[in-house]
Every structure is written in C-alpha cells, then in structure tokens.
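This is what each chain is made of:
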Amino acid sequence: NAGVTQTPKFQVLKTGQSMTLQCAQDMNHNSMYWYRQDPGMGLRLIYYSASEGTTDKGEVPNGYNVSRLNKREFSLRLESAAPSQTSVYFCASSEAQRTYNSPLHFGNGTRLTVT
Amino acid sequence: AQSVTQLGSHVSVSEGALVLLRCNYSSSVPPYLFWYVQYPNQGLQLLLKYTTGATLVKGINGFEAEFKKSETSFHLTKPSAHMSDAAEYFCAVSTPSGTYKYIFGTGTRLKVLA
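Chains as they are written, first to last, in the working numbering: chain A, 1 to 115; chain B, 116 to 229.
None of these hints come from the bench; they were simulated from the model.
Heads up, the beta-carbon is just placed ideally off N, CA and C, and yes, glycines get one too.
A few of these clues could be false.
Computed from the model, here is a short list of chain B residues facing chain A with C-beta under 7 Å [as the list claims (entries may be wrong)]:
1) Tyr147
2) Leu161
3) Lys216
4) Gly222
Make the full structure from the sequences, and use the hints.
This is the structure we're talking about:
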C-alpha cells in the first residue's frame, strides 16, 4: 500500500516563482490536509478538505491555494513563493469527515527552499 | 480553543532507561488526544490515541500514555528505551467542536544514549 504519496520530495524556488505540490492517497479517505513544519513550531495547518468538493482555510493559509481534484488528490499551490515559505510540507488524510477521533495518515513530505 | 504544550524540546535517556515525554493540553470540551512519532526524513506515524473509555492507552513499540483529566495531561512513557526509539514525538489534541482539525504540540526530540 502506498498510503499518502507526495511529489516532489525536494524543491528549490526563487522568490516570485510558482509551483504546485501534489498529494494523492489510495486509502479512500474522505478528508485531506496540508501542513507545514518549521523548527520549534510543530505542524501548522494550511488548508484542509473535509470531503471531495470542499476546502477550508487552516491556521496559516496566506500565500497558498488548494484544489481537491477528486477524492484521491489534493494539491497545494504557491502562486508567488517567498523565503518565509521555506519549510517542510506534509499532506495527510483521514477516514472520517470529522477529524476529531480519526487518526491522520501522513506522506513523507516535500522539502521546499525559497531563495 | 484547544492547545497543547510539550515540556522539553529535547530529551536524552540511556538505553534501557524509562522514557517520559510530557504533554499537557487545554480544552473546554472533552478532548481526543494523540501521540505521533516522526523518524528522520519521514512523515508522522500514529503511536496511540485516546478517545473515550480506558484512560491508560497502549500503543505500538511498547509505548503507552495515560489520560489524566484532573492534571490535563497525556504523558507518553516506555519502560525501557531502545536505540530505535530515537525520533521526534508530537502530542496532538482534537475536539468534536466542528473545526475539523488537530492542534499539534511543538515536538520533543528523543535521543537515546548507548
């Protein structure tokens, strides 16, 4: 089982460039999430999708957009990258529409550097 | 609003010693609590979770945690550390408040000394 697959694994961007981080899950999960991980700050939610066709902002949405393409795929787009967006990005999924009692399944992350 | 505090960003223990990683939470409603582990260059994996029922929860790799409502704590323990336990550990809280999200602690990096 692949679980949650993220691409690319690594990326270097120049300030102002755009890119899309891809995420796909093969567990037939309803909910999908994008987090960023920064040293000393834990994981912070960028956007989430409780079900196919819906997306909502999390704690730190500024500078990002998302698309829930279908039940399997949830992409994160940086329209104009900034050095403050240098981070490790994790996609996650969960079975239930309501997250509170359903564990998250994580991908292995995308390490993004913006110069 | 809920929050999570993990005391100690770095913890070192000797191989074979007790592992104790501390987590305190704040929530106005009964919380659901989780511990995740992150090995280098990997995503987070669920270690254990407390939802309802028994307050002592057993997880994978010999870890367990006890939910103590009076102390608002959910500390993670393992009786005997192994070198393979070296990783970063995250406590997380979630509540049935309709917000559809977890709140993660800032993480504790566990180092196991030979």
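Okay, which hints does this one fail, numbers in order?
none
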